[in-house]
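Colleague: Keeping their order, the protein sequence lines are chains A and B. Numbering of the first sequence is given in this note's numbering, commencing with residue 193 and proceeding in unit increments. Numbering of the second sequence is given in this note's numbering, commencing with residue 393 and proceeding in unit increments.
Rather than coming from a laboratory, the hints here were simulated on the basis of the structure. Do not take every clue at face value.
Stated by the list, open to error - Label-pair restraints from in silico Cβ distances:
no., chain 1, residue 1, chain 2, residue 2, range
1, B, G641, A, E225, 52 to 62 Å
2, B, S478, A, V223, 56 to 66 Å
3, A, K260, B, K465, 29 to 39 Å
4, B, D662, A, S327, 22 to 32 Å
5, A, E225, B, T660, 44 to 54 Å
As the structure is a prediction and not an experimental result, all values here were calculated from the model. Ideal Cβ placement from N, Cα and C applies to all residues, glycine included.
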Amino acid sequence: MGLTISELKNIIFFENYSDNHLRVISEISSVKEFKVKEILFEQYDQLSDLYLLLEGTLSLGISLAKEKRIHLSSIQPGQLFSWSAVFEPQISTAWVMATGPAKVLAIDAKKLQMEFKRDCEFGFLTISKIAMTISNRLSDTRFHLMNQLTI
Amino acid sequence: MTPDSIYKVLRATVEEVIDESPLIKTFVLIPESPFKFNTGEFIELTLNGFGEAPFTPSSSPLITDKLEITIMKTGYVTEKFHQLKSGEILGIRGPFGRGYPVEKFFGKEVLILGGGCGLAPIRSLLFALEGVKEKLKRVVLCYGSKTPSDCIYKPLFSRLNSIDKFETYRTVDKPEHGWKESVGVVTTLLDQVKMKIENTVAVVCGPPVMMKFGTIRLLEMGYKDDQIYLSMEKNMSCGLGKCGHCMMGEFFVCKDGPVFTYEEVKNTPDLWK
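Looking at chain A on its own, in the form it has when it is part of the complex (with noise of 0.2 Å):
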């Protein structure tokens, strides 16, 4: 069961979308609900659906070996991540974790491509949207990079 339209509304990543946007939205996605420690996916997994935090903390990182965690920054509430869901070829880039019990919204990556051929304009929000959050993210880590390289 996912969000309804007026929920949807409440949420800063979907400003700028249309009813019917959100209608698709509404009926793409769904609710999923995490425990602490559970981890929603790891480095390298297949991925199928583009998700956004709606309470909770999650950790995100990578492994440098099965047991060796390195945790690399906080997503919060309202972020988006999973996003190479989008993308081929699937694959996730990080492993994300809850740090406490979470709640995400899951969009349904395939039926989300298909909306992007069949509305353009969707689309291109949508793709717009993703775009900003991957070049957040690029941008912190090359400062986190800088701030090594400058100890």
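Since chain A is already given, all that's left is putting chain B on it; use the hints.
Modeller: Just chain B, lined up with the frame of chain A:
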């Protein structure tokens, strides 16, 4: 605020030394006479026989019989400062420079982005803002440090969170066991905080890398050049605009700053050097 004499040294006694982090200490000084400064201005702190260095007070500008200076151990003079004990005597010249124009923040939301030891001048600003909080809409502090152990003024955050209109958010690059707050660089906190950008002033203070990325992110979010205040404490030496060490484009940081708007300095070559 112009001192009586730019060369006059005021004696101050070290009352207390507080360990903030492995490399940072706060020195609580009792000046021989009341010492006034505006938040964001700096002083020249003298250690007899060793030298003088510029520091921005981290204490409240509303308190004149006590001064707090936070010093990071980075070189010869700061190492000597770190060896100071209670009862020892220092010299103070100043205050110098141009501080934060707090009256321009009235009626607005204030977003403060701080990193590492950059929280020192910001702490003074926060005390000043607390003194005029009825004239402000909201004050939000986003602070980042390398690890939780490197976070300075630890009691400050819970205190600020208990004050009406004040909020704080912290993040670390590398978490330690027991850390329950955010992980990531300080700019990641900007995604969490919803400000009314058109009615907000942003204050940025920290290491050059953090100031560069923080300023860029604020501009991308829609802040205008004159909404962003930077504390450019770089290479200051004499504090008088004479030695030229702190020249930044057309400005002397010690005389024309250290607080600038991004509008003033955006065309400065090597701004983030």
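Colleague: Now tell me if each hint is right for this structure.
Modeller: Verification of the hints:
1. B:G641 - A:E225: 52 to 62 Å: The hinted range 52 to 62 Å holds for B:G641 and A:E225, with Cβ atoms some 54 Å apart.
2. B:S478 - A:V223: 56 to 66 Å: Given about 58 Å between the Cβ atoms, the range holds.
3. A:K260 - B:K465: 29 to 39 Å: Holds: the Cβ-Cβ distance is about 32 Å, inside 29 to 39 Å.
4. B:D662 - A:S327: 22 to 32 Å: Since the Cβ atoms of B:D662 and A:S327 sit about 25 Å apart, the hinted range of 22 to 32 Å holds.
5. A:E225 - B:T660: 44 to 54 Å: 51 Å Cβ-Cβ, so the 44 to 54 Å window holds.
Hint compliance for this structure: no hint is broken.
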